[in-house]
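Using the sequences and the hints, build the whole thing.
Line order of the protein sequences matches chains B and F. Start counting the first sequence at 1; every next residue gets the next number (this note's numbering). Start counting the second sequence at 1; every next residue gets the next number (this note's numbering).
To be clear, the hints were calculated from the coordinates, so they are not data collected in a lab. If you're wondering where the values come from, they're calculated on a predicted model, not measured in any experiment. It is possible that part of the hints are untrue.
Unchecked claim - Capping the alpha-carbon separation at 27 Å, the derived lysine-lysine pairs in DSSO-like fashion look like this: (1) F:K128 to F:K86; (2) B:K387 to B:K237; (3) B:K302 to B:K387; (4) B:K237 to F:K86; (5) F:K142 to F:K128; (6) F:K86 to B:K388; (7) F:K142 to B:K388; (8) F:K10 to B:K388; (9) F:K86 to F:K142; (10) B:K387 to F:K10; (11) B:K387 to F:K86; (12) B:K237 to B:K388; (13) B:K302 to F:K10.
To be verified - Covered stretches of chain F (chain B as the covering partner; in silico rule of three or more C-beta atoms under 8 Å from a C-beta of chain B): (14) 85-96; (15) 207-213.
Here a beta-carbon is modelled for each residue, glycine too, at the ideal position from N, C-alpha and C.
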Amino acid sequence: MSELRIQHNPLLATWRRVAAIVVKEIRQLARDRMTFGMIVMIPLVQLLLFGYAINTDVRHIPAGLVDLNQSSYSRELIAITEASQTVDFVRVYASAQEAEQAIVRGDVKAVLYLPADLGQRLAVHPAFNRDSGRSNSQTLQPVGQWLVDGGDTVIAASIRSLRQLPLDTLAGRALKDNVPTFEVVQFFNPQQRSVVNIVPGLLAIILTMTMIMFTSAAIVREREQGNMEFLIATPVKPMELMIGKIVPYVLVGLIQVGIILGIGHLLFSVPVRGGLLTLLVAALLFIFASLTLGLVISTIAKTQLQAMQMTVFILMPSILLSGFMFPYEAMPQPAQVISEALPATHFMRMVRGIVLRDALLWDLQRDALWLAAFTLGGLVFAALRFKKRLD
Amino acid sequence: MSDLAINVQKMTRCFGNNIAVDHLDLQIPRGTIYGFLGPNGCGKSTSIRMLTGLLTPTSGELEVLGQRLPEEAEALRLRIGYMTQKFSLYDNLSIRENLSFVAQIYGLNSRQSRERVNELLALYALDKRQTQLAGSLSGGQKQRLALAAATLHHPDLLFLDEPTSAVDPENRREFWERLFDLCNAGTTILVSTHYMDEAERCHALAILENGVKRADGSPAELMATMGAHVLEVEGNDLRTLKSQLVQCPQVLSAAQLGTRLRVLVRDQTEQPQQWLQAQVNGRRIEAVRPSLEDVFVACTGQHPTAPASVTSPAAEQGERHV
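Here it is in structure tokens:
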């Protein structure tokens, strides 16, 4: 018998088997038009949807106006406020009571109330008065007042952020040497555009979704279609199968990273400040971690439907708890514990750090190590769970 | 090394309370074609899966090619080939891609792989279709591809689980020619089937029913020792005669074949032919050579493809796979 043909060098044999599985997966992927289309369409469509629709910087809120001062000061203040584009003054009311009723009725979301003594209030305001310092405006009478419908917290927050803006700008123009202090965060996102924060976050979400989805079906599909019975009767080892299954999708993941950051840059002007190499390393770590998580699911699920359900089970907390929707810092501690367990959380921190703050891998080493450890642990777990047996 | 390719004592496998294979003993000599004959659900596939190391036996001593199972299953992988009941190669890979994949999995380098795949493509008449996707092949082509894949690494022992269930008779005959070629080259083959003509081609076979071995031996031995006489009655109104005969304790089974009624009369009956002659109202009786189907019926009281104990005559006629 010609058993001589068989390669007995275990390392070479392992390399050949992994390569065989990789080539097979790529061929199958290339023939699966639906999946192939999803690789491109998921990031593209989701990015456009989220980039345009999920917009936490609210603009053009219909607002009312009560101007009891009717001076050049008040007119300039109103002009500056409107120039911020946060509000459009669509109604004018004669008194504060009338304005309140309009808010109750829902005609407007907010009303700017400028009192009759606006001139005097401005005169004593620190922005105009160099000697009184610039940070203790609370001790003084406010210049005007915003009446806000607090029901919608996003709108309320936008109006709250507006509170400082007109006065500082007014003061900055009037008194050139009194430079207003800005917070550091505004250095990275001076226009306070949330899309800058959303696009890198979307990278984590879309990769979580596609990477886990593709591999969670990988082992189950072979089992369902009957390929597994043949495959496990061959000398292939569980770890070889696991590695061969995830390698093709690493490439897929990198293509998606390119699409998301490229379009984010072109359409939404999201800057990529950090080094591309750092970004590549972070993306690879996360791609491997997500693919491994998918493989683990694949060794647990009995059908492709179950695999899909488990993917959604992971995806939902990844969207809600990873810091994509709500700041990690604001979560209660139990939610933070869950958040820490999700690969998406760690990548979310890394990618925002790299893309928005030019952070180095060294600054993000804890998250990077966590992702690497997760990948290794997941691979070992999946390979151990995968039995070359039918029982 | 022993001249038995498979040596198994009391192999048992339970699924919950259901005993799929019940204390099966098997001694299969090297270089032979051995058959598992039995209806669906009799434990053929379960036995094969245990012998390939894919299922852990509940109990029993298993030795395959000198390796103990289930402990040494991994060492056995390079030496056995397994053709599953359901087509288990990749539908969305071409014939050549499937075979190249299998070649690499078995550790062949690219040159060896190319040579071996070309050899197999020619041997199994697949070379003209090598770029066609496996999913679009006919039953016979899929089966040849599966056999090529299972034998790619020159296994010493080949397991075939109902290899010809989706194949027409001509392809089946051709397939068996290939099996005899393999056997001639020294490969031991274990094949499961519920086709009588296939079982008859085996050097030896075991008749399985409900996980129990009812009989084993070469087809000739089985026919000689089946414990019943086979007689054919020719005449009119065979339906009525049949329903009368199956009531008699002496009759093991009666099945109509066109204008004849094939009757199995138990050996214990004294002078079976005379006894039957007295029952048939002057219709003509002839003693005939027993077939494997008769053996099967005598062993199990069932027809091979009918799991229910008694089937309607129409069904018997239809399910005779010869």
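Against the structure, the hints come out as follows:
Distance hint between K128 of chain F and K86 of chain F is fulfilled; the C-alpha atoms sit about 24 Å from each other, no more than 27 Å. As the CA atoms of K387 of chain B and K237 of chain B are separated by approximately 10 Å, the hinted pair is consistent with the 27 Å bound. Proximity of K302 of chain B to K387 of chain B is assessed by CA-CA distance (about 13 Å); at most 27 Å being required, the pair is judged to hold. At most 27 Å may separate the alpha-carbon atoms for a hinted pair to count; K237 of chain B and K86 of chain F meet this at roughly 23 Å.
For the hint pairing K142 of chain F with K128 of chain F, the CA-to-CA distance comes to about 14 Å; that is within 27 Å, so the pair holds. A C-alpha spacing of about 18 Å is found between K86 of chain F and K388 of chain B, which places the hinted pair at or below 27 Å, so the restraint holds. Note on K142 of chain F and K388 of chain B: the hinted pairing holds, with a Cα-Cα distance of about 25 Å set against a maximum of 27 Å. With a C-alpha separation of about 24 Å, the suggested pairing of K10 of chain F with K388 of chain B holds against the 27 Å cut-off.
Note on K86 of chain F and K142 of chain F: the hinted pairing holds, with a Cα-Cα distance of about 10 Å set against a maximum of 27 Å. Straight-line distance between C-alpha atoms of K387 of chain B and K10 of chain F comes to about 25 Å, which keeps the hinted pair within the 27 Å bound. Between K387 of chain B and K86 of chain F the alpha-carbon distance is near 20 Å, which keeps this suggested pair within the 27 Å criterion. A C-alpha spacing of about 8 Å is found between K237 of chain B and K388 of chain B, which places the hinted pair at or below 27 Å, so the restraint holds.
Among the hinted pairs, K302 of chain B with K10 of chain F is inconsistent with the structure: their alpha-carbon atoms are about 31 Å apart, more than 27 Å. Only residues whose beta carbon comes within less than 8 Å of a beta carbon in chain B count, and the segment 85-96 of chain F has 8; three or more means the coverage holds. Chain B is given as covering the segment 207-213 of chain F, and this is violated because 0 residues of the stretch bring a CB closer than 8 Å to a CB of that chain, at least three being needed.
Violated hints, in rising order: 13, 15; the structure is consistent with all others.
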